[in-house]
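Trainee: Protein sequences, first through last, are from chains A and B.
Here the first sequence is numbered in the working numbering, starting from 513 and rising by one per residue.
Here the second sequence is numbered in the working numbering, starting from 13 and rising by one per residue.
Hint data in this document are derived by calculation from the structure and do not stem from the laboratory.
The structure presented is a predicted model; accordingly, all values stated were derived computationally and were not measured.
Where is the CB? At the ideal position from N, CA and C, for every residue including glycine.
Incorrect hints may have been included.
Said to hold, decoys possible - List time: in silico DSS-like cross-link candidates among lysine-lysine, alpha-carbon distance up to 30 Å: (1) A:K571 / A:K788; (2) B:K148 / A:K773; (3) B:K148 / A:K769.
Said to hold, decoys possible - Some chain B residues well away from chain A (every beta-carbon gap over 12 Å; in silico): (4) L113; (5) V116; (6) V140; (7) D195; (8) A198; (9) G203; (10) I282.
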Amino acid sequence: MKRVFIALMALCLLAGVPTLAAADSVKIGLMGPMTGPWASEGQEMKQVLDLLAEDLNAKRGLLGKTVEVVSEDDGGDPRTAALAAQRLATQGIVAVIGTYGSSVTEATQNIYDESKIIQIANGSTAIRLTEKGLKYFFRTCPRDDEQGRVAVQTIQKLGFKKVAILHDNTTYAKGLADEAKGLLEKEGVEIVFYDALTPGERDYTAILTKMKGASPDVVFFTGYYPEAGLLLRQKKEMNWPVPFIGGDATNNPDLVKIAGKDAAEGFYFLSAPLPKDLPTPEAKAFLAEFKKKYGNEPASIYAVLAGDGFRVISAAIEAVKSTDPDALADYLHNKMKDFPGLTGTLSFNEKGDRVGEVYRVYKVDADGNFILQP
Amino acid sequence: MEEFFQQLTNGLAVGGIYALIALGYTMVYGVLKLINFAHGDLFTIGSYLGLTLLTSLSLTDRLAPAAGVLVLAVMVMGLVAVVGALLERVAYRPLRQSPRLSAVVSALGASIFFSNALMLIYGARFQVYPQGILPKVAVNIFGLYVPLVRILILAASVVMMLALYFFIQKTRIGTAIRAAAIDQDAARLMGIDVDRVILFVFLIGPALGGVAGLMVGLHYGQINFTMGWVYGLKAFTAAILGGIGNIPGAMVGGILLGVIEALGAAYLSIAWKDAIAFGVLIIILIVRPTGLLGERVAEKV
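Sequences and hints are given; from them, build the entire structure.
Mentor: Put into C-alpha cells, the structure is as follows:
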C-alpha cells in the first residue's frame with residue numbers, strides 16, 4: 513500500500529509540477545545586490561519590481577498569465593553574480609532585470625546571451641557592455657561616454673583649470689575616469705592628479721593629503737557613494753576647501769548621511785534625474801504608490817530604472833504577444849519608440865543603449881538636499 | 013617634509029586600529045593555533061553595538077562627552093567579550109580535538125553568520141554615527157595640523173596594548189595564558205585549567221576588537237556590515253608581519269602596516285597601496301619567516 517502511494521506521489525510530482533510552473537506565469541528575473549556593500553540598491557530594486565508586478569497582475573497580467581518576479585542575489589560581486597545568472601537561466605525566465613554595478617553585469621552577460629534571455633541592466637553604465645554586439649542585452653541607464661561629456665562640460669562651465677581625477681578601479685569608475693581624462697586633455701584642461709583608491713576602506717586621509725599636494729581646483733571622483741561620503745568628511749576634517757564633483761554612482765541620500773551635512777554641502781554630482789525630480793505623470797503616480805506601500809519614496813534612481821526595465825519588457829511581451837527572445841529583442845531594438853517610462857521616454861538603439869539625454873547636474877545644499885542645477 | 017609627517021600621522025592612526033584588531037588574532041593563534049576568521053566580524057559587532065548604545069542611552073548627553081565615551085567603550089568591550097566567549101563555546105570548543113582545518117572552516121562560517129546577522133538586524137544600508145560626539149579640534153604639533161581624535165585613537169590603542177602586555181606578563185592568569193600557549197598538555201599537567209585560559213583569551217581579544225570597532229565608528233562615522241572583512245584581513249596581515257602569536261609583534265606589525273600603507277600611497281601610487289603593503293609583508297617573511305618579533309618562542313602568547 514505504502515509503495516503504491518509513493519509511486520502515485522512520484523507520478524503526481526513528475527506530471528504536475530512542471531505544468532504548474534510553466535503554464536501559469538511569465539517569469540521575469542531580477543538580479544540585484546541584495547547583500548554586500550550595495551545591498552540598499554538591490555533591495556530597493558526588488559521593492560520596485562514587486563510593486564510593478566503586483567500592479568500588472570491586478571490589472572491583466574501578461575498574455576493572460578500572471579507575472580512572477582524571480583529574484584537572485586548577485587552580492588555586488590562578479591563571482592556571486594555569475595552563479596546567480598546560472599541559477600536564473602535554468603528557471604525558465606523570459607528576461608532578467610539587472611544589475612547595478614558594471615563589473616557585476618559584465619560577468620553575467622554571456623551567460624544570459626547563450627541562454628537567449630533578454631537582459632536589461634539598470635545601473636551599469638560602462639561603455640564596453642554594449643560594444644560587444646550582444647543581441648539580447650539592453651540598459652535603461654545611460655552610458656559613461658555621455659556622462660564623461662557632461663562632466664567635462666560642467667567642469668568647464670564652472671571654470672576649473674586644474675583637475676584631479678580619482679577612481680576606484682571598478683569597470684565603471686575607471687571607464688568614466690578615463691573618458692573624462694581624455695576629453696579634458698583634448699580641451700586643454702590640466703590633469704594634476706590621476707589615481708585610484710581601494711573601495712571598502714574607512715581611512716582615505718593618505719590619498720587626500722597626497723591630492724592636496726597637487727593643489728587642484730576641483731576633484732572629480734568617479735567611484736561610489738560610500739567612499740565619496742568618507743572623502744568629503746575627511747576632506748572637511750583636513751580643512752581643505754576644494755570642491756568635489758562626483759559621477760552618477762555618488763547619487764544616493766546615504767552620501768549626505770555618511771559625510772554629514774556640513775561636509776556634503778557644495779558637492780556637485782552628475783546623475784539621471786532623481787526620483788523626486790522625475791517630470792512624467794507615470795513617475796508621479798508610481799512614486800505615490802511606492803510611498804503608500806513601503807512608507808517612503810525610492811531613494812535610488814537605479815531602482816526606478818530597474819522598474820523601467822520591467823515596464824519595457826512587459827510592454828514588449830504585450831506587443832509581440834509572445835515570449836520569444838528574438839522577437840522581443842527585435843521589438844526593443846527597432847520598434848519601440850518613445851515608450852513612456854518612469855524616467856522619461858525610452859527607445860533603444862541597435863546596440864541596446866538607451867537613446868536620448870538623461871544626465872543632469874545636482875548640487876548638495878546646506879540641508880543636505882540634492883538640488884537640480886539649471 | 014610637512015607632507016611626510018602628515019602622512020606619518022595618517023598612517024599611525026590607521027595602524028593603531030589595525031594593531032588593536034591584530035591583538036585578537038595573535039592571542040587566539042598563540043593559544044589555539046587557530047586563525048579566528050570571525051574576529052573581523054566581532055570588530056564590526058563592536059561598532060554596531062556602540063552605535064545602538066550611543067543612540068539609545070544618549071550617554072554623551074547625560075555625562076560629559078569624554079566620560080560618556082569611556083563608559084560606552086567599557087560597555088562595548090563587555091558585550092563583545094560575551095559574544096566572543098559564546099563564539100568560542102559554540103563554534104570552536106566542540107572542534108577542539110578535530111583537525112585544525114575543521115576549526116578554520118567553522119571560523120569562516122561564523123564570520124559569514126555574523127555579517128549576515130548584522131545585515132538582517134540593522135539592514136543593508138550604511139549606518140552612521142551621530143556627528144559631533146568627539147570634539148573636532150585640531151592640535152598644532154610643530155606646525156603640523158593633526159585632528160585631536162587621531163591622537164586619541166593612537167593613544168588609546170597604545171594604552172590598551174600596554175595594559176594587555178603587562179596583564180599577560182605580570183598576572184597569574186597571564187602566566188597561565190603564556191603557559192597554555194607553549195604547551196597545552198604540559199600546562200594541564202601543571203594544574204592549569206586550559207579551557208578557562210582559552211575562555212579568557214576569547215574574552216580579551218574580542219573586547220579589544222570591539223573597542224576598535226567603536227573607535228572606527230566614532231571617528232569615521234560610517235559603518236557597514238561588510239567592513240570587518242577588510243579590517244580583519246589587514247589586521248591578520250599585521251599579526252603575521254609582527255610574528256603571529258606574539259603580542260608586541262601584533263602592535264609593531266599593526267602600526268608598521270598602517271605607516272607603510274600611508275607612505276606607499278604618498279610616495280609611490282595610491283592604487284598600488286595594498287600591493288606595496290603586501291609586497292613588504294612578503295619581503296619581511298622571506299627574510300624573517302617568523303615575522304619581525306616572531307623568534308622569541310618561549311614568550312609566545
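Trainee: Output the indices of the hints that this structure fails to meet, ascending.
Mentor: Those not satisfied are hints 6, 10.
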